[in-house]
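Could you build all of it, start to finish, from the sequences and the hints given here?
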Amino acid sequence: MTETKPAAQPAIDVRYVANLARLDLSDAEVNEFQSQLASIVEYFDQIRGLDVESVEPTAHAAVIQNVFREDVIRPSLSRDEALANAPEHRTELFCVPKIME
Amino acid sequence: MAASSTLHTASVSDLLAWLDQGKCTSEEAVSDLLAAIRRRDGTLQGYLDVNEEDALAQAKAADAARAKGDSRRLLGVPVAVKDVLNVKGQPCGCGSRILEGYVAPYDATAIARLRAEGAVFVGRTNMDEFAMGSTTENSAYHPTRNPWNLDCVPGGSSGGSAAVVAADEALAALGSDTGGSIRQPASFCGCVGLKPSYGRISRYGLTAFASSLDQIGPMTKTVRDAALLLQVMAGHDPSDSSSLDAAVPDYLAALKSDLSGVKLGLPREYFVGGVDADVEARVQEAIGVCRKLGAKVVNVSLPHTRYAIGVYYIIATAEASANLARFDGVRYGRRAAGAGDPIELYKRTREEGFGAEVKRRIILGTYVLSSGYHDAYYLRAQKVRTLIRGDFDAAFEQCDAILTPVAPMPAYRIGEKSADPLQMYLGDVFTVPVNLAGLCGMSVPCGFTSGRLPVGLQIMGPALGEEAVLRAGYAYEQATDWRSARPPLPGQS
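Sequences listed follow chains B and L, in order. For the first sequence, the positions run 0 to 100 when numbering that gives the first Met the number 0 is used. For the second sequence, the positions run 0 to 492 when numbering that gives the first Met the number 0 is used.
Everything labelled a hint here was simulated from the structure, so no lab data went into it. Please read all numbers here as calculations on a predicted model, not as lab measurements. One should not assume that every hint holds.
Unchecked claim - Partial list, derived from the structure: chain L residues whose beta carbon lies under 8 Å from chain B:
1) Ser70
2) Arg72
3) Ser211
4) Leu243
5) Val247
6) Pro341
7) Tyr366
All residues carry an ideal CB built from backbone N, CA and C; glycine is no exception.
Structure representation (structure tokens):
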């Protein structure tokens, strides 16, 4: 097998990964998750003992490819319906905090 | 027919017969069900929300339609729905704070098909947040109790649906099953739970957890009722491109009271110790019953079983981390106050809105997809998934269906495993392979432990092999009487 073994120690840096996932965590959560997730990742490592070099990956249990439909407009939610669940909106728009200075 | 004060104890099929014969009305049935919910659900806490007025209005409309000759297949039958499915005009919170206040703007396809056949939607059932969990303790709202022992979990993630069906607070309910979330709570609570093959029922309107594994299914008092609900919900849907464009067989016609000519496989890797002694004994007794019904029992092998939990939790968390990226406080649901920029908005909204298990899984999934780890974990897991599918392909050349326990243990105490996520994950060992391989599987009650907790027999079938699973489950159910047992609940009539 030529797949490289992840070199980082510890196995998972919870605060770093949480940032990738756009998730704030309290210090207490980081502490709790660090040991829990490290033991789960260690458990995951058992699949690395298996020779899968010549095996094709399965992304989906049912083999369906390239489902097309005619490119025509179909009924969909109205603008009002789509905006109804928004935490903040103005007439036709979702509002977010300012992106640029 | 039963007295009107016991209509809630009926099966769907019983109620349909009585409605058809004019022996009761849907309004009477729904009223009696609502009374049972009022008596018991304060203790059980299986529901998140019950819409009494709306349910009665739907029932009255069904009665009016029946009086005019309407004979749709589920006309006037009350159904409970897991909080993960969109029912137009009702909240759909997925057991999460992040979807507080969200109101479904459309019907999921499964809901639309039940509605088109006249079903009455009574309320939403409790669940582990975003269907992540095996106990329903991860609900952001409250835990649900097991009707057979109020100190025990009902299983999960469809624990609310299982509990209300087992406690006669629902005639039938919908659940969703990504790694056992229909079958395991059905086993823990003593009802029937069917996970159809991947793609058999449209996932449109089911809030996604892991898109290559999720499937909607019925949770019922009898196998016949599961077949009936499957019949209505199954079939291709252009709104879900992963739904299968395959003919839907007559599932009720598949129900036969014997098993002559049927070959049932026992995978040796599922009978290797580590299973609770009472669970093992009940499953072995059930296998004996199937033999007496004429089935030929053969040994099969699923050699990659021991990798299934690792593969499942890599793939399911990877898909979840992508699916749950949509909860960012912009288009729907909760939004953290006072964020200065969009990144801070996302991070704080998600910190406030998600519970601990959802956060753990998002982090795990992000990790196994991240640069440097993708090939070692995610890609490798997809390859082992191929091997697991191959195991089942080979096994189903030797048998029509496979019998196993649903879970290695019966229901356990609330709080017993909540501090150790890995121990909780290991309990899914017998259910996740079915999802990884896209198969169908059903839990059928097969007795009780010495502590009077229900045990489920799992019947697995090949992809689109629901007829074989339903046939085996029905014949077994008819030969036994577990379905007549009722939990000792306060207010039980």
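Name the hints, by number, that the structure is in violation of.
1, 2, 5
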